[in-house]
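Asks: The chain contents come next:
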Amino acid sequence: MSNGPVRVSAEDMALNKAFLKMMSEGKVERFIKRHSLQARLTHGITAMSCIWLCLSGLFVFVPALTQAAGPDAVLFMRMSHRVIGVVFVAVPLVSGLLAPKGVAHVFKNLFTKWDSDDKKWMKLFFPYLFMAKWIHMPDQHEVKSGQRFADGMLWFAGALMGVTGILLVVGSSWADFGMAAHGAILLLHDIGFFLIAIFAMAHMFLGSGIFQPYRGLAKLMFGNGMVSESDALYHWGHWAREEIALGENVVEKRR
Amino acid sequence: MTTHWCDFQNADVVMNIGSNSAENHPVSSKWLNRAHERGAKWIVVDPRYTRTAEVADIYCPIRSGTDIAFYGGMYRYIIENLIEPNLARHLAGEKVEEYNFEYLLNYTNASYLLNEGYEFDPETGLFSGWDEETGSYSAASWHYQVESESEWDTSAGGAYAWAVGEGVPEFTPPVVEHPKRDMTLSDPMCVYQQLKRHYSRYDMDTVCRICGMDKGTLELVYSTYASTAAPGKAGAILYALGQTQHTYGAQNTRAMSVLQLLLGNVGVPGGGVAALRGEPNVQGATDMGMLVNEHPAYLKWPNTTARATLRKWLEGETYSDGYYTNKPKFLISSLKEWFGDAATLDNDYGYDWWPKVPSAVGDQDYTHISTFELMSQGVIKGYFNWGMNPCHSAPNAGNARRSMANLDWLVVVDQVLTEAATFWKAPDMEPAEIDTEVYFLPCALIYEKPGIILNSGRWLQYRFKAVEPWGEAKPDYEIVDMLWREIVALYEAEGGANPDPILNTKWDYYVDGKIDPRPVAWALNGYRVAGTECDTSADDPKVDLLSGYSELAADGTTACATWIYSGFWNNNDAPLDPAEQPIARRDNTDESGLGLYSNWAYSWPNNRRILYNRASADTEGRPWSAEKTLVEWTGSEWNQVDVGDFTAVSNGVPVPPNNNAFFMLWEQNARLESYGMVDGPLPEHYEPFETPLSKNIVNGSLNNPVFLGKDYESTKHGTAADYPIVATTYSVTEQWQTGSQTRMCPALVEAMPAQFIEISEELAAEKGISRGDKVRVWNNRGSVVVDVVITKRMKPLTVDGGMQHLVGLTHHYGWAGAFGTSETLVNDLTPNVGDPNSQTPEFKAFLVNIEKA
Amino acid sequence: MAEKAILFDSSFCTGCHGCQIACKCWNNLPSPTGLNESGFSGTHQNPPDLNGHTRLIMTYNELEGGSKGVMWAFGRRACRHCSDAPCAGICPSGALRKDEETGMVAVERSKCVGCQYCSTACPFDVPRYEASGPLGQVTIVEKCTGCVDRIRQGMAPACVTTCQPGALRFGDREEMLEVARERVEVLKGRGYEDAVLYGENEMGGLHVIYVLKYGVEAHGQVPNPQASPMADLVGIMKPLTAVGAGAAVLGFAAMFGLGVGYKRKKLAYNPETGDTIDVETGEVVKHGDGQDEQSVKEHIFENLPVRKGDGHE
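Chains as they are written, first to last, in our numbering: chain D, 7 to 261; chain F, -15 to 837; chain C, 8 to 320.
None of these hints come from the bench; they were simulated from the model.
We treat Cβ as the ideally placed atom computed from N, Cα and C, and that holds for glycine.
There's no promise every hint is true.
Stated by the list, open to error - Facing chain C, according to a computed beta carbon distance under 8 Å, are these residues of chain D, among others:
(1) D18
(2) P98
(3) M137
(4) S179
(5) F217
In isolation and in its complexed conformation, chain D is listed as follows (with noise of 0.2 Å):
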C-alpha cells in the first residue's frame, strides 16, 4: 500500500474518472483467485489436525492437566493423538502428491530473494504490529517477506513433528532406537511443538483476522478463496497489480 496522493498527469485522471464510473456503475467488484479448493481444504483439514493434536499433546505436556482429567479421557486423547497424527502426516503427503505443480509454486515463493520492499518490510514489522494504524507498509508479492519466514517454520515444524511422530509410535512399537535416541527423538518433539505453538498462534491471529488490520483474510483459506482488490492491494500491493493486469484470475462480481 502506498500512502498518497501522488500527482498524476491530467489525461490520466480523467482515464481514472472513467475507470472508477464504470466500475461504479456496472455495480462490479473485483476479486481476485488466491488459493484453490484443494489449498483450501488440505490447509483447513491440517490446521485443524494441528491444532487437536496440540490439545492432544497438552495432556502429556501437562501434568495436571493430565491429572485432572483422569485416564480415560487421557487414553481418548493419546490415540487421538495418534489417529489425527497420521491425518497430519497423510493429508499433506497425499495432497502434495496431487499437485506437484502447486508444491513447485509455494517452495519457489518461500524461497523466492528478498528484494527492498521485502526487507523493509520485514524491519517494519513488529512496530506495526502495534501500530497499524500509523504505519504504511510496503507493498508486497504473492507471499509477504514475514508471511515467507512464518510460513517457512510451520513448514519445518509441522515437517518436524510428523517425521519425530512417526518415530515416537515406531520406537515404541515396532522397532527399538535405543533410549538415548528416543530421548533426542523426544526432546525434537517437543522443540517442534514449542515452534508450532508460537508461529501458530501468530499465524491464526494474523491470518484469522483476530488482528484488525487483518479482517477478512480468513475468508482466503476457509471462503472462496479469493481476495478482493483493495484488501489484495493492501496486502500484497505488487502481486495484485500484476494479476489485475492479467486479468486471469480476476472475478468480477455484481455487488
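Following the hints, put chains F and C in place on chain D, whose structure we already have.
Replies: Coordinates of chains F and C only, in the frame set by chain D:
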C-alpha cells in the same frame, strides 16, 4: 545325610565336593552363610567354577572322576602332618591340640588288626580275594583278626531272651567276635598302618598329576580342611551326584566317610557326611525301598543265595552286637505288615512270597542300567514307568528309547507327557515301526494330594492338599489301588502262575471304604496287630500304634513296614488326625542353640537330628566343645540335647560312657577299612570308564575291576584318540532334572531357556566357537546339538603333564514340552555303566568331541 | 514409616534367579509362552535385559583374577529408587511418583501415557515400555515398584522374601546402610579389597543399597550416576514453551487493543494508467508498481499524531 540342613551353621570348614549346593540346593545357602558369617572357611572342589565356588573362599579345580585320588592325598597329608608327628605324644599322655587321637583310637577301627591275608597289590591294582574267573572279590581276607568270642544270652531274663520267645522264628544267634586291637597303632596289620601304607602312593604331586589342580591350591585345601582335626572343630562335607554317579561312586562315599572319621568329624555338630538329595523326596524314596537293591528301611531283600530262606536271612543279617541285633524284629514286623494275617510262624511269616534277587555269581542283574538291556533282549516285555523319565534321564538314553520300542506295552504315570511317555516321538524314531502300546495315567502333583515329604536331613513332614488335581489326574495311591483291585480280581478269577504273593498281600488302607494315606502312615509307624484294623471307619478307628521302634517284636505281634520311621505317627488319641502327630509339628523354637529344632517335624530315627551323636563327646562323655553339646554324661546320667544315638539307658538304669559310639555297626566303632563293599576294603583311585589317560597313575588297573555293565554291547566304549575331551553333566537351579515339571513353568523357561555346554575360552578359540553358536557334541553313543556358554569359569587342566579340556553339559531339555524343548537329549552321550555296589550310572565323567554346529 | 531400603549383598548372592522369578510371579508379569520363544543369551543372564514384562534381572559378570582365579560378580538390575528420582520428576502423568513414606518410586500403570520421558531420564536405563495394539494404545511402563503394596501391609518386597541365601534384606534405610557398612568391612577383611557400599549418596541416596564384593563396575553398577542431560533439556522445553506461548498471547492482546478502530481506504487499480486509486476520493495513492522509497524511520513516524495533526483516517 548324617546331619541336617540347619546344622551346616555349626561347621568350621565347609567343603563342597561333587555338589553345587548354591545351585541345586538353594535353601542350604541360608545355613552355610551363617557358618561363613561365624568365620568358617568354605572350600569348593569342582571341575568348574560354580555358583557355590563364587560364594566360597577357596576354589580347587579337579578333573571329573578323580575324587578318590584327591581324598587319598588328604589322608596322606593328615597322616604325615597330624598323626605321625603327634601319635607318640598322645600315647605318652600329652595333650595334643591339633588332632583328636581319642576319637581315632576309640571310635574308629584304626586299631583293629586285619587278617594276615589282607593285601593290596599296586602292580595289578587288585586287593586280596580277587577271583580272576568270576571277576569278583571275596571279602574274607578283609575281615578282622579275632581276639575272642562270646554268645548271646538268650536265657530267661537275659538280654536276648526275646530271640527264642514264642512266635519268633528259629535261628542261630550270631557269635560275637571281639577283634584284636593295637591301641598303639604300631602293628603292621592294624587298619591305621594299612591305611598309611596304602595311601603312601598318594603324594601331592601324584594327586595333581591325576586331578589336574596346582599343588599350591591343593595344599591350601588340605591344610584348611585338615584343621578340623582339632578336637571341638568340625568340618562338613557336602556331596551330591558328583560323587555318586561314577563306576566307583560308592567308594567315593566311603572315601568321604574315611576322611571325616580321620578328622573326627562324624557325629559332631557341624560335621558329617552330607548327602544333598536332589529331589524333595528322594531321601524318602530311598528309605521306602524305591531302589531295587534295598528293601524298605534299609533291610536286605531275600536273594537266591545267602538270604534264600528266612532262617538264612536272620542268621546272616542279624548283627552280633549293637542295635542291629534287633533286625529280626524289624523283618518279622515288616512281613506282618506285608502279608497280614496270612503271615504266620508256620509259613515263615510269608518270607518266601517275597521275590528273591538272583545273587549267584554270573546271575542277571535287574537294576536300572540292565533293565534296558533286558528290554532290548526281549526279556522284559512290559514296563511300568512311574514318576521317572528314563528316556531322558537314563544313561545312554538313545539306547533306552530304542529298547523301549521293543516293549509290548508301557505304562507311564506322570503329571505331564514326558519323553518316556512319548519316546516314539523322538526325532530319530520311526513310529510306524514301533508296536509298543503306551498307556498314560495322569497323576496328581505333590500339591494336589495330602502326604508325607522327607528332606535330605531325614525330617518327615505331613503336608495337606493345597489344590485339586487337574482333569482325571489322581494321587498315586489311588492309581495303585485301582490297579491292585483289578489285578487281584484277575488272579482270583483266573488263577495264574504264582498267585500266592499277590493274593496274600495285605492291602487294606481304607478309611470308610476309600483308599487313604493315613492307615498307610499307621503301617509305616507300626502297631500292635491285636487291636488294629487298617481298613477303618473315620468315626471309630481301631488302632494300637507303637510309640517307637523299641516296641517292635519278632514274634508276629507287631507290624511295621519301615522300622526307621516308627514314632512319627504314634498318637493313639487321634490316629486319623495328621495334625496331632509328631510329623505335623511346626514349632521352630530351638532349645539346643545348635539349630536342632527338635520340635519341628520329625527326624528319623526317633527324632534324632544328628546321627552318631555319641561321637560328639569323649570316652568320658564330655563334649569335645562345650558350646556344641549334643549329649553329655553328667556323672549319673546322660543329658541328651539331641536324642542319643547309643544305649543311654538299659532296663531303666543309665549306662555310663563307653566307646560304643557307632552302635549301628556290630563293632560299634566306625570303619576306616570296611569289608562291606564289593569292590575293595579301601577306596582306591581308578579311572572312569572313559578316561583321557591310557594308564592309571597309581596302580595297574585302569578301571574299577568290578564296575557294572562292562559287557553290554550298547555301552560302546570311546577312547581319548577319538574323543579327547572330558565331559560331565549337571543341573542348573532354574530347571529340575528332566525338566518335565519346570519346563511347564514359562517363567523358569524364560530364566533358563536352553540346555547348554559350558566350555573354556581356550577350547572355544581352538574350535572356532563363539557366543550364540550351537555346538555339536558327540561320541560313540550319540550326537547332540546344544547352546554354548563360553566361560572363564571353565579352564583346561594339566593332567599327567598334558593339557586336558573339560566341558560340562546340562540335561534339562527334551522333545516333550509346551514352552521349551530340544530335539536332542544330552543323556544320549552318557555311558550305561555304573557302580557295582549301588548300580548308580556314571553320568559324571565320560569322553566326547565337539564342533561348531 | 521411616524411609525403607532393599539391601542387596552380592557376597551372599548365589545368582539363583529366585528374586527375578518371584518378582514375575507376585506381580503377574507374563513370560513368553510360545514354543522356544525365549531365546538363550549364551550366559546365565536370561532374559538378557529388563523388558516390558521383566522388572528385575540378575546379572552375571565374569572377570579374570581374584584369589580364586575367576570372579563371578552377581548383580541385581532393577529400579534403584533414587531419592532424586529423575523419572518421577519428569513423568507428566503421575504414573511414576515418589512414595514419600517409604522413599520408593511407585508406579501407577493406569496413569501411564506412554511418553517414555522416564526411560530417557533414568541414569540406570531401567524403565521399560511395552506398547501393543495397532496404535500402541496399550502402554505399560514397567519398572520395579518397590512392592509398595506389600510394604504398606508390613511385608517385605517379594524378591526379598524369596531370597534363600539372605542376599536380599529389607528394612529401614538407615539400618540397611549400617548393615551394609559392616558387611563391606567384613569383606575387606576377607580379602575382597574392592568391596564397596553403593547407594548411600548416589542420586541423592538410593533405596536399594548395594554391597558390591568386587567394586561398582564389576557388578554392572553405574559409577557416579547422573540424570540424563536430555531430561534437563526436556525440562527446559516446558517452561520455555509456556513462557513463549504466554508472551505471544500477551503480545497479541496488545496488538489487538492497539488495533481497535483501525480503518483504511478502499483501493482500486487501474491497469490502464498503472494507478492505484483511493475509490472514495479518486486520489491516486500510487503510480506504477515501483519499490518503496521512504526510509524505515519515515514509515514509522510519518503518520504519528504527535508529528502530524491530520494523521490517518
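Asks: Does each hint hold? Answer for all of them.
Replies: For each hint, the structure was consulted:
For D18 of chain D, the interface hint holds, the least distance from its beta-carbon to any beta-carbon of chain C being 4 Å, beneath 8 Å. Evaluation of the P98 of chain D hint against chain C yields a violated restraint, the C-beta minimum of about 21 Å exceeding 8 Å. The beta carbon of M137 of chain D comes within 7 Å of a beta carbon in chain C, closer than 8 Å, and the hint placing it at the interface holds. Evaluation of the S179 of chain D hint against chain C yields a held restraint, the C-beta minimum of about 4 Å falling below 8 Å.
Evaluation of the F217 of chain D hint against chain C yields a held restraint, the C-beta minimum of about 6 Å falling below 8 Å.
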